[in-house]
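Following our numbering, the numbering of the sequence shown begins with 26 at its first residue and continues without gaps.
No lab work stands behind these hints: they were computed from the structure.
Glycine residues also receive a C-beta, built at the ideal position from the N, C-alpha and C atoms.
Check before you lean on any hint, since a few could be wrong.
[What the hints assert, rightly or not] Computed Cβ-Cβ distance ranges for the label pairs, DEER-style:
hint, residue 1, residue 2, range
1, Val215, Phe45, 34 to 42 Å
2, Leu90, Ile42, 46 to 54 Å
3, Phe45, Asp103, 35 to 43 Å
4, Val215, Ser68, 28 to 36 Å
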Amino acid sequence: TFAKYKRVPAAILGIAIITFVSTYLHWDIERVGAIPTSLPPASFPLIPDEEWLALLTKVAPLGLLAAVESLLTARVLDRMTATQKPHNSSLELFGQGIANIAVGLFSGMPVTGVIARSGVNVQSGGRTRLASLVHAVILLLSVLYLGRFIATVPIAALAGLLCVIGYRLIELHTLVELSKRERAEAAAFVVAALGTVSGHLMTGLALGLVIHFANRYLHRHEVAAKEQLVSSRAKGVRAVLKREH
26 TFAKYKRVPA
36 AILGIAIITF
46 VSTYLHWDIE
56 RVGAIPTSLP
66 PASFPLIPDE
76 EWLALLTKVA
86 PLGLLAAVES
96 LLTARVLDRM
106 TATQKPHNSS
116 LELFGQGIAN
126 IAVGLFSGMP
136 VTGVIARSGV
146 NVQSGGRTRL
156 ASLVHAVILL
166 LSVLYLGRFI
176 ATVPIAALAG
186 LLCVIGYRLI
196 ELHTLVELSK
206 RERAEAAAFV
216 VAALGTVSGH
226 LMTGLALGLV
236 IHFANRYLHR
246 HEVAAKEQLV
256 SSRAKGVRAV
266 LKREH
């Protein structure tokens, strides 16, 4: 019901109602539990010289996965907002790098752009960078000052909310179109989706990319012809517009 009104934070109201009912009726269910009410002190990690190579081999795949997830999130948000100015991939990764450096100084986990929170932000009306900044500030203040209330939120309620968000983000029409025109791309879509929902995100993405690039290689001549046709049409449109001006 609340979802019909864009200005109403339906997700927050839904979680609040479920939390109140479950607490009032004393349901014995798993909850978020106690969370820290302050940030840990900043400290620079000290790593022995002989462990740098081992650290690099563990960090590199994680950094690649984080970069891919953030860029995919930005790509999806471009489609959701139908913006005329797409995201700047270099700027996105630069900002993510700064954020991860800052988080590491406070012993935090790596951060990435996440489609769940970003999707909710867009669906709630957020369109500018200010929405992301307000989101971050509210999240920090909630952890610091609303910890005792967040601790009572049922885990099942959060899981249900994520399921709803995930369902809204699934582009089934894209899969249907791909299955009609590009079956190999549709297979890559399905493999990546299965890897994500089964908890093997990296494997699913890797296999999806392998299928995608194998398909492009096998049909490289057709792809080159299509790209050349699109380029020539774009040049023709620019020429017409130039003559009109």
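Hints, verified against the model:
1. Separation of Val215 from Phe45 is about 40 Å and conforms to the stated range, judged on CB atoms against 34 to 42 Å.
2. For the pair Leu90 and Ile42, the supplied restraint of 46 to 54 Å is violated, since their beta-carbon distance comes to about 36 Å.
3. The hinted window of 35 to 43 Å between Phe45 and Asp103 holds, with their beta carbons roughly 38 Å apart.
4. For the pair Val215 and Ser68, the beta carbons lie near 45 Å from each other, so the given range of 28 to 36 Å is not met.
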